[in-house]
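K.L.:
Here's the letter readout for the chains.
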Amino acid sequence: MAAAPQTIEDLARAEARRPRWLAVILDFARQRPLGAVGAAIIVFMALLAAGAGLVAPYDPLANDYAAMLSAPSAAHWLGTDSFGRDLLSRVIFGSRTALMVGLGASLLGATIGSAIGVTSAYFAGRVDLLVQRVMDIFFAFPVIVLALAVVAILGTGAGNVILAIATPMVPRCARVVRSSALAIREMPYVDAARASGFGHARIILRHMLPNVMAPILIMATAFLGEAILLEASLSFLGLGVQEPTAAWGLMLRGAAVEFAESAPWMAIFPGLAISLAVFGFNLFGDSLRDALDPRLRTQ
Amino acid sequence: MRSLVHALALVAGALFAFPIQAQSPRYGGELVFPVPSEPPSYDGHREETFGLIHPIAPFYNTLLRVDPNDKSGTKPAPSLAESWSVSQDGKTYTFQLHRGVKFHDGSEMTSKDVKASYDKIIFPPPGVGSTRKGQYVVVESVEAPEPYTVVFRLKHPSGSFIASLLSPYNFIYKADILAKDPHWYETHIMGTGPFTFVEHVKGSHVVGKKNPNYWDKGKPYLDGFRAVFMRDTAAQVAAVRGERAQIQFRGFTPVARNDLEKALGNKITVQESPWDCILLVAINHKKKPFDDPRVRRALTLALDRYEGSKALSRIAIVKEVAGVQVPGTPFATPPDELAKLAGYWRDPEKSRAEARRLLKEAGVPEGFSFTFMNRGIPMPYEPLGVWMIDQWRKVGLNVTQRVIEPAAYFGSLRKGEHEVAMDFQCGYIVEPDLDMYKFLSSSRNPANYGYYEDPVLDQLYDKQSQATNPEERKKIIREFEKRVLDEQAHYLMTLQWHRIIPHSSRLHGWTITPSHYLNNTLDTVWLSP
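Same order as they appear, the protein sequences are chains A and B.
Mapping the first sequence onto my numbering, position 182 (from 1) lands on 182, and the numbers just tick up by one.
To convert, take the position in the second sequence, counting from 1, and add 299; that gives my numbering.
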């Protein structure tokens with residue numbers, strides 16, 4: 001049996017042997033326990049999504065008319081829906097849809113928003129003025145209205161839903177990134193790059209963008225929860241992903257509403273899944289922001 | 300002994316007398332009913348929605364009507380015409396009108412008014428809309444030789460002509476008004492019906508009061524009616540549950556029926572009927588591999604309609620397994636005969652095996668993917684869509700659903716870009732000509748979204764339409780049905796809609812029919828205390 005470290009030196013050596021990523025995670029968990037809870041929820045959700053085929057007890061698309069509207073039981077832990085589909089399996093597969101749409105929309109929105117924000121800050125002047133006024137137009141619309149408009153134009157389906165959810169994220173990300181990039185733009189190394197004759201693209205991509213990664217990361221994470229909620233809202237309205245795909249928002253509409261009194265489990269479990277996922281991403285996003293914000297760090 | 304017999308007779312008399320007395324119509328009361336949509340105009344000749352029929356039909360009469368006690372909704376009964384006769388050659392129909400029928404303005408209704416109304420329906424002047432004029436192409440002329448005689452002359456004999464006169468939309472208008480302004484009835488109401496118009500508050504309600512000079516003496520029984528516009532189904536159900544409304548004439552879902560029965564017990568009476576509406580599946584013959592009849596047959600063979608009927612009738616407004624005619628109506632194929640058609644076999648495993656064989660033979664690989672276009676209306680489009688996709692998966696087809704919002708749906712169908720799509724057929728009366736018109740070649744029917752040409756089918760349609768012998772007509776309809784649903788599988792039938800009307804047990808004198816457009820004159824309806 002190995003002896004436990006006894007001295008401060010032993011502790012320091014043990015810490016030094018620990019992988020750096022693990023140290024960072026443990027540090028984060030120690031300093032921000034709520035963020036760690038959020039991260040645990042996200043990891044759990046990601047594992048479920050990745051291994052849905054292995055974990056789910058039933059095919060989420062298979063109708064079983066003999067088991068229609070069954071209450072939670074040993075055979076169906078979360079009950080079944082109006083087509084006899086196993087709710088647990090649909091909730092598990094629904095996490096895949098939520099993550100796919102959420103991550104897709106966040107990445108797309110953050111990428112386009114960052115590119116616009118950095119470019120706007122870099123060129124400044126009239127370009128900045130024009131870009132920011134266009135962003136103001138987007139800001140004038142509530143998020144859900146903008147997403148609805150995009151779906152109304154492009155139609156339903158997972159790809160269009162990702163685009164619809166990413167659209168409202170673009171101006172918000174662009175505005176935040178621009179404010180950080182304005183400061184970076186004045187840095188001596190950017191002047192040096194410019195003096196060395198580097199092209200605009202190289203200065204933006206190589207010298208400015210890496211230095212505004214922290215706000216981008218924060219925005220993307222914070223937006224993930226909102227994206228999941230938006231996806232659920234659009235699906236609930238019949239404008240998101242379509243039946244028979246397993247998606248939490250979709251599970252809340254139609255028969256779930258009609259059978260709310262006689263089969264409440266149809267609405268309760270997908271509702272819980274949405275709440276938990278949004279809760280997890282919000283907790284993690286908040287903690288990540290605190291961890292990366294230098295002002296909060298010094299406090 | 301004699302006294303005992305007397306006593307028994309008295310008891311028996313009392314027992315039997317009570318229900319008879321209870322069934323006697325009672326005068327008085329206001330019928331309140333929600334209507335899920337509002338009339339775009341007041342002109343029945345122009346409109347095609349129950350949103351017009353439910354609140355406006357009580358102000359009018361038609362030449363003939365469907366017998367208000369006939370559950371099949373097919374039996375002709377007199378209305379403004381008290382009798383009619385057909386010439387030997389089947390081309391001349393003569394109608395004798397009731398005498399003493401008065402419009403609500405006090406003027407007398409005569410054959411001149413019937414002629415003017417039908418001329419407007421069949422031969423509308425330029426700029427005047429008549430939605431159903433296509434159903435009267437067989438009519439050569441309408442004549443009014445005497446004040447109480449109307450004559451319709453046809454181009455050729457027709458087995459469906461009388462049925463076409465049962466249309467609840469064919470209100471009889473006043474000829475003098477039509478002569479001055481053929482659009483007058485779009486914005487005004489003035490008929491011969493059992494109720495006179497009181498008010499229409501847009502977005503809220505239509506009110507009618509009893510016509511004291513109604514020509515059918517003793518009717519109507521009600522003092523009046525109030526049609527309240529309510530789009531939200533939950534609000535309609537709540538109105539009936541709260542006994543603020545006695546009925547909703549379109550229909551509720553099985554869940555709403557169960558809720559109302561549970562909440563109101565014997566205060567609610569439920570009438571149910573197959574509904575002359577069905578969702579069809581249009582298979583675009585211009586898209587490969589759906590140009591191959593084997594593939595189309597496989598699609599229909601994959602559906603276990605009997606299991607679907609049992610399961611879906613619990614959650615949706617569908618139930619009966621049907622061919623091209625509403626089950627239980629005169630020209631409908633009996634179930635045992637229907638079970639011989641592809642997709643209607645009683646053995647689903649045999650049917651699916653045949654579907655797989657046909658797909659393989661047609662060179663369609665296992666896991667073949669296609670898109671099923673559906674309309675963004677939850678009931679019953681959504682449950683039927685989910686059911687069919689599941690059924691097609693069972694024969695190795697991988698189907699993605701694309702839902703289009705309702706307003707844009709038919710625009711998408713008309714573009715013909717779909718592979719397989721949900722289509723819709725709803726009739727105001729069960730009549731083969733009306734119900735089967737949908738399946739004619741696209742050159743004859745622009746609303747054929749399967750985009751096929753089938754001259755054989757068209758010929759069968761014309762043949763049955765001109766057959767005046769019902770048995771002969773039935774035979775031709777069977778041939779038509781076999782061709783369209785089995786041999787060529789041009790279109791797939793899903794499940795017949797099922798009409799469920801839970802109404803207050805106080806309401807009497809109203810019989811459900813397969814059409815939510817029929818039986819809304821309200822002259823026979825009465826309310827018990």
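There's no promise every hint is true.
[Claimed, not checked] Derived contacts from chain B toward chain A, CB cut-off under 8 Å, selection only: (1) D388; (2) K390; (3) I461; (4) V554; (5) S612; (6) V685.
[To be verified] Computed footprint of chain A on chain B; a stretch qualifies when at least three of its residues, placed anywhere within it, have a C-beta under 8 Å from a C-beta of chain A: (7) 367-381; (8) 602-611.
FYI, nobody ran anything at the bench for these hints, they're computed from the structure.
Using N, Cα and C, we set each Cβ at its ideal position, and we do this for glycine too.
K.L.:
Would you mind marking each hint as holding or not holding in the structure?
P.N.:
Tested hints:
1. Evaluation of the D388 of chain B hint against chain A yields a violated restraint, the C-beta minimum of about 54 Å exceeding 8 Å.
2. Using the Cβ-Cβ criterion of 8 Å, the hint placing K390 of chain B at the interface with chain A is not satisfied: the shortest such distance is roughly 52 Å.
3. Hint status for I461 of chain B: violated, given a least beta-carbon distance of 41 Å to chain A, over 8 Å.
4. With 8 Å as the threshold, the beta carbon of V554 of chain B comes within range of chain A, its nearest partner Cβ sitting at about 5 Å, so the hint holds.
5. Given hint, S612 of chain B at the interface with chain A, is violated; its Cβ is 11 Å from that chain's nearest Cβ, farther than 8 Å.
6. Taken as an interface hint, V685 of chain B checks out: its beta carbon lies about 5 Å from the nearest beta carbon of chain A, inside 8 Å.
7. Given as covered by chain A, the stretch 367-381 of chain B fails the check, having 0 residues with a CB less than 8 Å from a CB of that chain where 3 are the minimum.
8. A stretch counts as covered by a chain when three or more of its residues have a beta carbon under 8 Å from one of that chain; for the stretch 602-611 of chain B and chain A the count is 3, and the coverage holds.
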